[in-house]
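Chemist: Sequence:
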Amino acid sequence: MPGAESQPGVLVVGEALVDVVRRSGQPDVAHAGGSPFNVAVGLGRLGVSVELGAQVGADEH
1 MPGAESQPGV LVVGEALVDV VRRSGQPDVA HAGGSPFNVA VGLGRLGVSV ELGAQVGADE
61 H
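Residue 4 in my numbering sits at position 4 of the sequence shown, and the numbers go up by one each step.
Source of the hints: derived by calculation from the structure; they are not laboratory data.
Certain hints may be false.
Claimed, not checked - Each pair of labels, with its calculated beta carbon distance range:
1. 27 <-> 47: 30 to 38 Å
2. 59 <-> 14: 27 to 35 Å
3. 33 <-> 10: 17 to 25 Å
4. 24 <-> 60: 29 to 37 Å
5. 59 <-> 23: 19 to 27 Å
6. 24 <-> 48: 36 to 44 Å
Glycine residues also receive a C-beta, built at the ideal position from the N, C-alpha and C atoms.
Just need the whole structure built from these sequences, with the hints factored in.
Modeler: Written as structure tokens, this is what we have:
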């Protein structure tokens with residue numbers, strides 16, 4: 001089986017967004033999210049060479 005270095009890279013294109021979790025009596029917590037972002041992270045954790053093509057907004061998140 002060929003090693004990861006011989007595998008072609010993957011380009012994931014789509015949204016990267018922020019999930020804001022709000023719990024009563026606690027400060028809001030922001031987490032990176034979005035399906036394409038999560039796929040890119042998962043592939044990277046599996047050792048795949050991956051890039052994410054996404055546009056990021058200029059708001060507070």
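Chemist: Which numbered hints turn out to be false for this structure?
Modeler: 2, 4
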